[in-house]
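Engineer: This is what each chain is made of:
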Amino acid sequence: MRAYLLCLLISLFPASIYAAVVQQEMRSGIGASADYMAGASDKPAVLLLHGFLQTRDFHTVASLGRGINDAGYAVLTPTLSLNVPNRSQSLACEAVHKHSLDDDVAEIARWVRWLKSHGHRSVVLFGHSFGSLQLLAYLSRKPDPVVKGYVGASLVETQLGQTDRAALIALLEDRVRSGQRALYTGSISFCAKYPSTPEGLLSYARWDQTRVLDALKQVPVATKLVMGDADFIIENNWAKALQHAQTPVVIIKGANHFMDGEHEFDLLEHALGFLASVPPPRPR
Amino acid sequence: MKGPRPISIKHIGLAFVTGLLVLVSLIGGFSAYQTRALTHNLAQHNHDAARSELAAAVQRLLSQTEDLAIQLAEWDETRQQLVLPEYYPYWRDQRVYESGILPSRLLRVALYTEAGTLLEPGTANLEMPASLPTGMPAYQPSTWLSNETGTIALYHAFPVFGDAQRQALLGHGLLRVNFMPALLRPDALHFVDATSVSVALKPGELLSAADLLSRLNFSARTDPDQLHFQTILSRTLLSLFVLLISAALIGFLVYTRLLIRPLGRLSQDIDAMQHGRFKPGPSHAQTMRISELERIRRSLYEYQLQLHELHGSLENQNREFHSQARQDALTGCHNRRAYEEDWESFRQGLKADPQGVAFLLFDCDRFKTINDTYGHAKGDRVLSLIADALVMALRANDRLYRLGGDEFATFLARTTPGQAKQIAQRCQSLLDASVFSDLGINEPVGVSIGIAFCGSDEIEHVNDLPKQADIAMYTAKQPGRTRIALYGEDTERASQTLVASRETSALFQALASPGMIELHYQSIHALPGRQVDYYEALARIRYHGTLIMPDAFLPVVSSRRLETEFDLAVLQQVDADLSSGQLPPRVGISINLSAQSISRPEVVSQLLELSRHNARHPLMLEITETSLITQMVEVRTYLDLLRTVNYRIAMDDFGTGYSPLRYLVDLPVDVVKFDISLVNKLAEDNRAAQVVADFARMMSDAGYSLVAEGVESDAVLRKVESLGIAHVQGYLLSMPVPLAELAAGHHAGRGTGVAQSG
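Respectively, the protein sequence lines represent chains A and B. Just so you know, the working numbering puts 86 at position 86 of the first sequence, and the rest follows in order with no gaps. Just so you know, the working numbering puts 674 at position 674 of the second sequence, and the rest follows in order with no gaps.
Keep in mind that the hints were calculated from the coordinates and are not lab data. Remember, predicted model here, so these are calculated numbers, not experimental data. Think of the CB as a built atom: it goes at the ideal place given N, C-alpha and C, for glycine as much as any other residue. Be aware that one or more of the hints could be misleading.
Partial pick of chain B residues on the chain A-facing surface, computed with a CB cut under 7 Å [as the list claims (entries may be wrong)]:
#1 D76
#2 E77
#3 E120
Please build the complete structure, drawing on both the sequences and the hints.
Structural biologist: Right, dumping it as structure tokens:
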């Protein structure tokens, strides 16, 4: 199967170069873009979201998007602006982070609407790593009804390292309440130094494992989680915790957090399998 | 022909060292010139390289600045700040550096709005201009420099677009670079002297980047390698120069020590040898380091030693020769040569040191007789004994000289006449004490001593001492004397006679003026017929009209030893008389000669000249028997010679002298003239008359032709005739007459005369 997919990817690779860049102004002066690769109309469109501070050009996302599109699915791979106008580069940990999870959810919603506005009646949200969390956050609010499925690869909560999450949240909440605008430099995910607005960091810090598990339980669409058993970024018990969340979880043996290398195909295989299970959109 | 002047080896050495130094200096100067040219070229090359390097550095800085500007313009966070500038200071002051976009705090960046005004002007960013320069193109980057109170700032403004199509201009970025530190990074410039770089830019003036190079002032950095090379080269040249100078000086010192000094020493030694000042010493034995010079030194030294030894040997030999040359071989005393040298030296010394001087002349009495009687060997032995006795009698420092034959002399310094006489008497005493009997000589042997003295106040007469001593000596020899005569005292009579008398003056005038000597002729008659056979020429001196007789002037002749001069004058007058033709033809002439004259060549020569008259007038020479003939061999030789030219030889005054028989035996005597003292014995009736008579007969029998002189009485004449004596002479028969009277008498057929001595 992997060999087949690989051959298919190679043979259809030229098609990916015809992806269109879609731009939207998310907020005043903050434009964001996404690659849109058209697919079969009888298949759900896939909104493929990159990980923390990454762009759609991140290799796992890019190759997965091409693989899914190659399978005939329309794929939209937005790059979250993170409040950077027309962001095209990974945002450094040390950069000024003026974005929040709410902004991210809002941009996801904009892109879902964009798909919807472009005729897609069935949308599957496919996130990698922190993108899975951002999509889950979107799904935890009132998602658009065109969203039919959710795949979270290497789903991870907002990791704060050794920081006492509760204390941090309290601190940030206090700053937010007191209107302090000074950047707070904390630790989040792989960023040891993360200067952010208090409300931005606070929005992410609230998403701990518990909240993720709770959100998973409340996801209103078909859900599938793909995890790697060699993912050293997540905690050891996280995968087990996910399995107990009554959410289908696929563990790819040997895959790390980025599922690169040959595990990209495993991820693609599982993704295509999930997409195939999503009911096709009803014709108008 | 004058050759080139020799050059000292020291000068050659100096010239070599000087030439070497000049050559080294020329090479050093040439090297320095080449080094300077090379340095200039390298400096020019460095300057060009510096210019290129500086241009490249400027270009590189501009490019880097542009690259940074591009990065900033394309950086998401830059755009974010233009849209959401809430945290712009954080981004500007921290983020751009932490992100690595701006590598250095020397770089500053500011963002400007689309209108060109500074973003967030309220924040502290005093270095950046509040607005971008007017006229700057909005969509193109722009670069300029500004002098901000001495600090040159490079500004690069760039547009920041919100989209990839560069359509949506969000604003501008402005990079500020502290130009000089950024340009002059320590590792960026190798050829440019960073401290020399400056930009000719007035404060507040803006300078376009295109005009930057023309405003840059700089100096090329001196290449360390070049400096190192120059230093090494200079040090090498200096070291080489010092080394060569040192080597030259050391070489010259070695040259001086090994060659010049030894050669100089050899040269000095050779000069010293040439001038006889060389004295071998320890320094001359010092070994020289150059083997060739050492061989020369050794050869020279050994040669000089040999020469020195040879010289010493020659000096010894010379001294010996000199001593021998001054010594009489027979007697061991000093010879005539020593006498002449010493007397001359003594006389010279007297000028500076006047003193009383006595000159003593010794003459052995009857030595000829002894010599003839006992033989030459014993005669020599007698002389030796006499010399020994005289030397013993003299004072320690007095020298005895043998002047010739049996004649000795000495001169006594710092003496008086009395002391001189005492010494003379001591001489005679020692001589009298000498034993000659051991030689078989029984008769007494003595010396006659003539003394002449001159006091310290009459040194100018010292030259007369030998002559005066001679006169005194002959005075001493006169019979009846004590055989010691002091000139001026014992010769007082003679002095009075010879010096003060007019006869003396007459004698000297006669010797100086021909014609004053006048010859009177006394006839000699043949027996028994009594006819005149020949005439004896008798000398007189006519002085101021009066006639001075021989007994008055002959002592003067004898005492002044003027026999030869007087005889020559007589012979001159004889020649004149014979040549006058006044003498009767074939009448012989008998001429008196002293024994001293007959051995003088000039007298013999005059006689040979006179012999031309022999054909007309047979000539006969009468030699006075009383004269002491010392040179018997020479006299005999001359007499034989004269006989060959038909002279006849007569022994005059026979019976009065010392060795009549010896003379008769050794000399070629033809005629013997019996002295008047013998002839007068014949008139007596005693044994003496008998002896004379017998002797006369014996002489006749022996073949001698006898002449009886001084016959003044008939008794004597008859006795003479009875004895068979061939000729007779005397006042009885005739008186000596002048030539004119003789000639007149001859013409008158008679012979007359005036009485005189024979």
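Engineer: Of all the hints given earlier, name the ones this structure violates by number, lowest first.
Structural biologist: Hint 3 alone not satisfied by this model.
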